[in-house]
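Colleague: The residues making up each chain are set out below.
Protein chains: 2
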Amino acid sequence: MTQTPATPSRRTRLSTEREHELYEAVLELLREHGYESLTMDAVAARTRASKATLYRQWQGKPRLVATALRHAKTAAQPDPDTGSLRGDLLELARCGMRDAEHDHALMRGLAHAAHANPELHQALRELLVLPEAERLEALLQQAVERGEVAAGTPALEFVPHMFFGAFIGRDLIEGRPPDLDYLTSYLDAVVLPALGIR
Amino acid sequence: MTQTPATPSRRTRLSTEREHELYEAVLELLREHGYESLTMDAVAARTRASKATLYRQWQGKPRLVATALRHAKTAAQPDPDTGSLRGDLLELARCGMRDAEHDHALMRGLAHAAHANPELHQALRELLVLPEAERLEALLQQAVERGEVAAGTPALEFVPHMFFGAFIGRDLIEGRPPDLDYLTSYLDAVVLPALGIR
Numbered sequence: 001m002t003q004t005p006a007t008p009s010r011r012t013r014l015s016t017e018r019e020h021e022l023y024e025a026v027l028e029l030l031r032e033h034g035y036e037s038l039t040m041d042a043v044a045a046r047t048r049a050s051k052a053t054l055y056r057q058w059q060g061k062p063r064l065v066a067t068a069l070r071h072a073k074t075a076a077q078p079d080p081d082t083g084s085l086r087g088d089l090l091e092l093a094r095c096g097m098r099d100a101e102h103d104h105a106l107m108r109g110l111a112h113a114a115h116a117n118p119e120l121h122q123a124l125r126e127l128l129v130l131p132e133a134e135r136l137e138a139l140l141q142q143a144v145e146r147g148e149v150a151a152g153t154p155a156l157e158f159v160p161h162m163f164f165g166a167f168i169g170r171d172l173i174e175g176r177p178p179d180l181d182y183l184t185s186y187l188d189a190v191v192l193p194a195l196g197i198r
Numbered sequence: 001m002t003q004t005p006a007t008p009s010r011r012t013r014l015s016t017e018r019e020h021e022l023y024e025a026v027l028e029l030l031r032e033h034g035y036e037s038l039t040m041d042a043v044a045a046r047t048r049a050s051k052a053t054l055y056r057q058w059q060g061k062p063r064l065v066a067t068a069l070r071h072a073k074t075a076a077q078p079d080p081d082t083g084s085l086r087g088d089l090l091e092l093a094r095c096g097m098r099d100a101e102h103d104h105a106l107m108r109g110l111a112h113a114a115h116a117n118p119e120l121h122q123a124l125r126e127l128l129v130l131p132e133a134e135r136l137e138a139l140l141q142q143a144v145e146r147g148e149v150a151a152g153t154p155a156l157e158f159v160p161h162m163f164f165g166a167f168i169g170r171d172l173i174e175g176r177p178p179d180l181d182y183l184t185s186y187l188d189a190v191v192l193p194a195l196g197i198r
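Order-wise, the sequence lines are chains V and P.
If you count by the UniProt record's numbering, then the first sequence holds residues 1 to 198, one letter each, in order.
If you count by the UniProt record's numbering, then the second sequence holds residues 1 to 198, one letter each, in order.
Worth double-checking, as some hints may not be accurate.
Copies of the same chain are indistinguishable here, so a pair counts whether it falls within one copy or spans any two.
[Stated by the list, open to error] For lysine to any residue, the following SDA-like pairs were computed, each having C-alpha atoms within a straight-line distance of at most 25 Å:
1) K73 x R170
2) K73 x I197
3) K51 x L180
4) K51 x A150
5) K73 x L106
6) K73 x H104
Since the hints were derived computationally from the structure, they do not count as laboratory data.
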């Protein structure tokens with residue numbers, strides 16, 4: 001638990017540093033209490049921000065939490081650029097694994113909460129799932145431009161689905177979390193062949 | 001809501017019909033109350049069974065519920081046998097869709113409950129997920145024997161994961177449930193090419 005310095009003079013317009021502090025504090029509180037027990041009061045107290053500021057900026061808990069998670073993800077992960085689709089996808093998988101291991105309990109808790117909370121579901125979809133799908137799309141586009149994958153290959157639009165299946169399926173079918181060996185096998189057995197790369 | 005006739009003379013050793021009645025009653029109660037609010041007392045009352053019988057036979061609520069779902073699935077779905085892997089997989093997808101539509105709210109509720117309940121998670125995995133994975137494996141084995149898929153194709157072991165990805169990914173990425181057109185496209189774009197069928 002780090003201490004979050006207060007900067008009361010910047011309550012209305014948030015600087016990048018102040019936003020970063022706020023997101024860090026939200027993630028800390030999430031790890032401590034879980035989503036259901038996290039209150040905007042606790043965020044306001046920990047960050048010495050006014051609740052009015054929090055609501056003005058993020059509307060409510062679902063968007064604040066999803067934005068904090070998005071922020072942590074973006075800060076940690078530059079776009080992969082290894083020169084090959086296999087390398088890029090492995091790099092993404094490696095980052096996904098690291099995130100999943102680092103905040104496994106937190107993400108499970110959020111998935112649980114999102115089942116019963118459409119607003120949180122929507123915020124997570126919009127701020128975590130869709131940006132990841134777009135990142136993937138950009139990598140695939142580069143592979144098409146390099147001539148690694150034929151333009152119009154039908155599997156292109158399903159690559160995010162394949163990856164979700166890999167992450168979720170391991171847990172569901174084999175009863176254990178994915179690791180890098182497993183994801184590498186899946187990439188070589190499923191994703192690349194479906195894209196016509198063997 | 002159908003009425004479940006009581007057969008009090010068969011409390012200790014359950015006939016197939018009696019088991020069927022019991023499972024139907026459990027599913028009815030599940031649809032009415034959801035998993036969390038379902039009690040073994042309610043099951044005992046609705047089915048005029050003793051709680052001792054219920055616990056002796058199914059240990060507790062998680063296994064009773066998972067077994068009832070399994071029973072409904074098996075009763076409704078004969079193994080597909082269309083003569084081609086594409087036909088068989090489409091048939092499975094069609095059945096999966098029908099189940100998903102029929103009991104969408106119930107299955108979402110169960111997935112939610114399973115997040116917080118390892119015993120339920122385990123029972124659903126053992127009685128619903130793994131038997132489906134095995135069914136799929138049997139169909140794939142037949143396709144290998146027919147010469148449609150080369151033995152040892154690496155994607156063979158990941159077909160269940162691909163399908164889970166298709167079902168879950170649509171909802172997560174596109175924000176809507178899968179339909180048959182979508183599953184057909186996914187089969188033709190991902191599953192069959194990964195297996196070397198184009």
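Colleague: It remains to establish, for every hint, whether it holds in the given structure.
Modeller: Comparing the hints with the structure gives:
1. K73 x R170: Intra 22 Å, inter 23 Å, cutoff 25 Å: intra and inter.
2. K73 x I197: neither (29 Å within a copy, 37 Å between copies)
3. K51 x L180: For K51 and L180, the Cα distance exceeds 25 Å both inside one copy (42 Å) and across copies (46 Å).
4. K51 x A150: neither (52 Å within a copy, 62 Å between copies)
5. K73 x L106: within (14 Å within a copy, 33 Å between copies)
6. K73 x H104: Classified as within: same-chain Cα gap 14 Å, cross-chain 32 Å, threshold 25 Å.
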